[in-house]
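Enquirer: Quick mapping for you: the protein sequence lines, in order, are chains H and Y.
Under my numbering, the first residue of the first sequence is numbered 1, with each subsequent residue one higher.
Under my numbering, the first residue of the second sequence is numbered 1001, with each subsequent residue one higher.
No wet-lab data here; the hints were simulated from the structure.
We put the beta carbon where it would ideally sit given N, CA and C, even for glycine.
Please note: incorrect hints may appear among the correct ones.
In the DSBU-like style, the derived pairs of lysine-lysine whose C-alpha atoms are separated by at most 35 angstroms in a straight line are [what the hints assert, rightly or not]:
#, chain 1, residue 1, chain 2, residue 2
1, Y, 1445, H, 260
2, Y, 1089, H, 260
3, Y, 1184, Y, 1248
4, Y, 1369, H, 260
5, Y, 1320, Y, 1240
Some but not every residue of chain H turned toward chain Y, in silico, with C-beta under 8 angstroms [to be verified]:
#, residue
6, 62
7, 65
8, 159
9, 243
10, 258
11, 261
12, 267
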Amino acid sequence: MKFKNFAAKVWQSIKNLFKPSRYQAAVPSLISIGFGIVFGILTMFVIWLLAVLGVFKTNNMPEFFYGVGVLLAGAFNEGMDSIADMLFAAAPLILAGLSVGFAFKTGLFNIGAPGQIVIGGLTAITIGLKVSLPAPWHWMLALLCGVLAAGIWGLIIGALKALLNVHEVVASIMMNYISIYTAFLIIKGNGMVNTQTSQTLQLPASALLPHGEVALFAYYDMNIGIIIAILAVIVMYIILHKTTLGYQLKAVGFNKEASKYAGMNTKRNIMVSMAISGMLAGLAGAILIMVSGKYFQLTKEAMMAEIMSVGFDGISVALLGLSQPIGALFAGLFLAYIRQGGYYLNLANYMAEMADVITAVIIYFSALSTALYAIVKNRKIKLEALKKLRISRRKEKTQDGGENV
Amino acid sequence: MDYIIEMLNISKIFGTLRANDDITFQLKKGEVHALVGENGAGKSTLMSILFGLYQPDAGEIRYKGEVVKIHNPNDANRLKIGMVHQHFKLVDVFTVTENIILGMEETKNGFLTLENSRNRILELREQYKLFVDPDAYIKDITVGMQQRVEILKMLYRDADILIFDEPTAVLTPQEIDELMHTIKNFKKEGKSIVIITHKLAEVMAVADRCTVLRKGKGIGTVEVKDVTVDTLAEMMVGRKVSFEIDKKPANIKDEIFRAENISVFNNEKNKHEVHDVSFQVKSGEIVGIAGIEGNGQTELVNVITGLKNMTSGKLFFHQKEITKNSIRQKLELGIGHIPEDRHKHGLVLDFNLAENLILQSYYLPKFQKRGFLKKNEIYQYANQLISRFDIRSGAGSASITRSMSGGNQQKAIIAREISRNPELMIAVQPTRGLDIGAIEYIHNKIIEERDNGKGVLLISLELDEILNLSDRILVMFEGEIVAELDPKKTSFQEIGLYMSGSKKGVIAHEV
Ligand SMILES: Nc1ncnc2c1ncn2[C@@H]1O[C@H](COP(=O)(O)OP(=O)(O)OP(=O)(O)O)[C@@H](O)[C@H]1O
Ligand SMILES: [Mg+2]
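Full structure from sequences and hints, please.
Expert: Given below as structure tokens:
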């Protein structure tokens, strides 16, 4: 009996998931993705044209049609191998997007995700190198500590805002810098650095995220990161939409005064929200670094380019995903997909950065397209409503007529 | 006919709701035309269409006989149409002058030149006796002054057709008189005026004609001199409305709440906003606090509910001290609060109606189990309140509250507070923006609370409301309680004298 109920519930939620109304919100993002890709293709065309016309000289003539094909094929260029690569790259992006999006939903701009990623990674490295434990426990502990440490890092920003009224963006930026130098300090001060290469030591196998032997997971580099990311998406979806915690956090985000009036502890809510956001970023950082052959390079520039950039990508993912957990999942996958396409572009003698051009355009458009979409949608609804109105009028009239007869 | 504006067969649909259904509204040049109707009847929507904020789905607008399309407020400005909205649209951190010129700034070499504009505003101010300080910040001035800013904004744009959406809902009686005067002046100058209001006395006082809407449909337009308040009321609601309040003698019992020597000192202004205020509320009585806006009532309420800290004083609830209790603790003890500002405190506008109706109780076992919201119970509860309190909206419990009409937003708050069944109900301007039918209903509800042995603290700028409902009246002036009066033995005039500080009474402290 109970099982039947449960099954019915699950079936209902699956059906809900596929209701078209759920996807209307995604339309602006899809429009901007379209624009971004068209823009990218146009740029590639112009580059090709200029090369053909001899405006700039090159030995490696770009091949336009091949290039477009490669770009669009994205993660399907080399079959399972590149799909695995995409999923591998997507995991930290999804988590960073979740982090930023969740904060957005609760009225906070967590531009501190990059710093929290560094702290998450740093903690994972430290546990990995300084603690010896057998396999599942070791990487689990490293992951958990990374999450907690970054949560505290986020909490500090939240506390500064809640208790001392320091704007979270200002505090975040400062904490980002502090995080880099804290990482250097701890890594160098505790002998976790390879002095020759000036990067962190290789983590022992027990502290690396495992990868299975089945299907995609057997491929090079691939690990359980994507599974963790998907689980995080589900958990965050539930928190935001189904729990009292999410209800409170959203209420405070939308209207702090009314939440206070209603007896909510607005200060605590801000801190909790930043801590959760920090934990998600920390998870991204730990997943990013708990991979064979991944290190912290101990220069500010390298940290910015390789580690913190994931946090900034998180802002794009959150924007494109409309700050929704499910949105972050798809946006993160998309970003990884198009980057895979970019990666293969050099086969066609284009630069891989083409993918970043496209992403940038998409982000610009997604900021605009919400407005564009609203206009389009209004038109459509109006037309439908008008039709309904006419029909009901006609009915009224015929009814009136009937009475008269 | 000399119509300056004609709105012919206008329809406007939101989702499945016909907010305006084939309404015809004609405005003569130089008249004051009242637009009345129940909450959610579609008044604001109709006027927003005229002002270019919404596009009609059917029907046409004519300006001096010619068909025009008004795509946005700029088009409306061009036709000399101006509007003061139900909820003001001013920028808090800008000055009065900056707000007035917003959108038509004069610049020189790319820099703002405020001098000319400022002078122009000063001229207008003198001409129409609309006194505001052009250099004050919006956040520092009273609601009444903010409204004058909105009016100046229209005049600055040379508007000839002036739309007022419930202008008097937020004003003090004195300010209302002034506004009526101003409107008559506008009329003398040949301007055409539309005024939306729920107060039929105002219709009788200033309007030449009156159009009545009900549930999105036009019921008719009448010459005001040919009708009485009662007929108008009947046209609006569709039934007879009683303006008399049926009140049994109070059955006053034990004290529920007591405030002792409450003071609030404002460091910025270097003065007491509330000074040494003491009073009590007993079971079964309604205590009314009268006063001109800005005499400390808001601060007093905020201190009692916990939204603001007091400088000194003590609060007691059933003889237990609650001075230091948190807002939630006070709510749980049984204090209800219908707040003065429904958008700032009363509602999370981006939540839907159901979510707003559990704003203080979402964490109770009724609505939550192990941290998970019980969606079914929440929506069931919402549907109950919606039918009990006749809250009207486009999509029922799932309506985003931002899209609801002002009066229905207010009803939602009142429904929530009354249903929480508090022992002490603090009601600040509870009927602000409500239609006469709803006011009747809410007044009866408040009296019912009293008769059920609850205590009610009623704060209102409307003397009628205070006099009709209260069992005891306190008058506040400059942060102090200057009189305690028996509503049966006092008069409008006497309260007025106390309110303006011309008379000070002796207060019997019966603590
Ligand atoms: N933007 C919107 N989206 C959806 N529904 C809306 C929107 N604006 C108004 N409505 C609905 O249209 C109806 C009419 O609203 P309107 O604001 O015109 O009422 P009103 O006559 O001004 O009422 P009140 O006296 O309470 O201010 C209401 O039921 C309201 O919920
Ligand atoms: Mg209205």
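Enquirer: Decide, hint by hint, whether the structure agrees.
Expert: Hints and how they fare:
For the given pair, residue 1445 of chain Y sits about 26 angstroms from residue 260 of chain H by alpha-carbon distance, which is consistent with the 35 angstroms threshold. About 24 angstroms separates the Cα atoms of residue 1089 of chain Y and residue 260 of chain H, which keeps this hinted pair within 35 angstroms; it holds. For the suggested pair residue 1184 of chain Y and residue 1248 of chain Y, the alpha carbons sit about 41 angstroms apart, so the restraint of at most 35 angstroms is broken. This hinted pair checks out: residue 1369 of chain Y and residue 260 of chain H have alpha carbons roughly 23 angstroms apart, not beyond 35 angstroms.
Proximity of residue 1320 of chain Y to residue 1240 of chain Y is assessed by CA-CA distance (about 46 angstroms); at most 35 angstroms being required, the pair is judged violated. The closest approach between the C-beta of residue 62 of chain H and any C-beta of chain Y is roughly 44 angstroms, which is over the 8 angstroms cut-off, so the hint fails. The beta carbon of residue 65 of chain H is not positioned within 8 angstroms of any beta carbon in chain Y (closest approach about 44 angstroms), and the interface hint is therefore violated. A cut of 8 angstroms between beta carbons decides the hint on residue 159 of chain H: the least distance to chain Y is about 19 angstroms, and the hint is violated.
For the restraint placing residue 243 of chain H at the interface with chain Y, the shortest Cβ-Cβ distance is roughly 5 angstroms, inside the 8 angstroms limit, so the hint holds. Below 8 angstroms, beta-carbon pairs count as interface contacts, and residue 258 of chain H has one with chain Y at about 5 angstroms; its hint therefore holds. The restraint placing residue 261 of chain H at the interface with chain Y holds, with a minimum CB-CB distance near 4 angstroms, inside the 8 angstroms limit. Interface restraint check for residue 267 of chain H: the shortest CB-CB distance to chain Y comes to about 12 angstroms, outside 8 angstroms, so the restraint is violated.
Hint check: violations occur at hints 3, 5, 6, 7, 8, 12; the rest are consistent with the structure.
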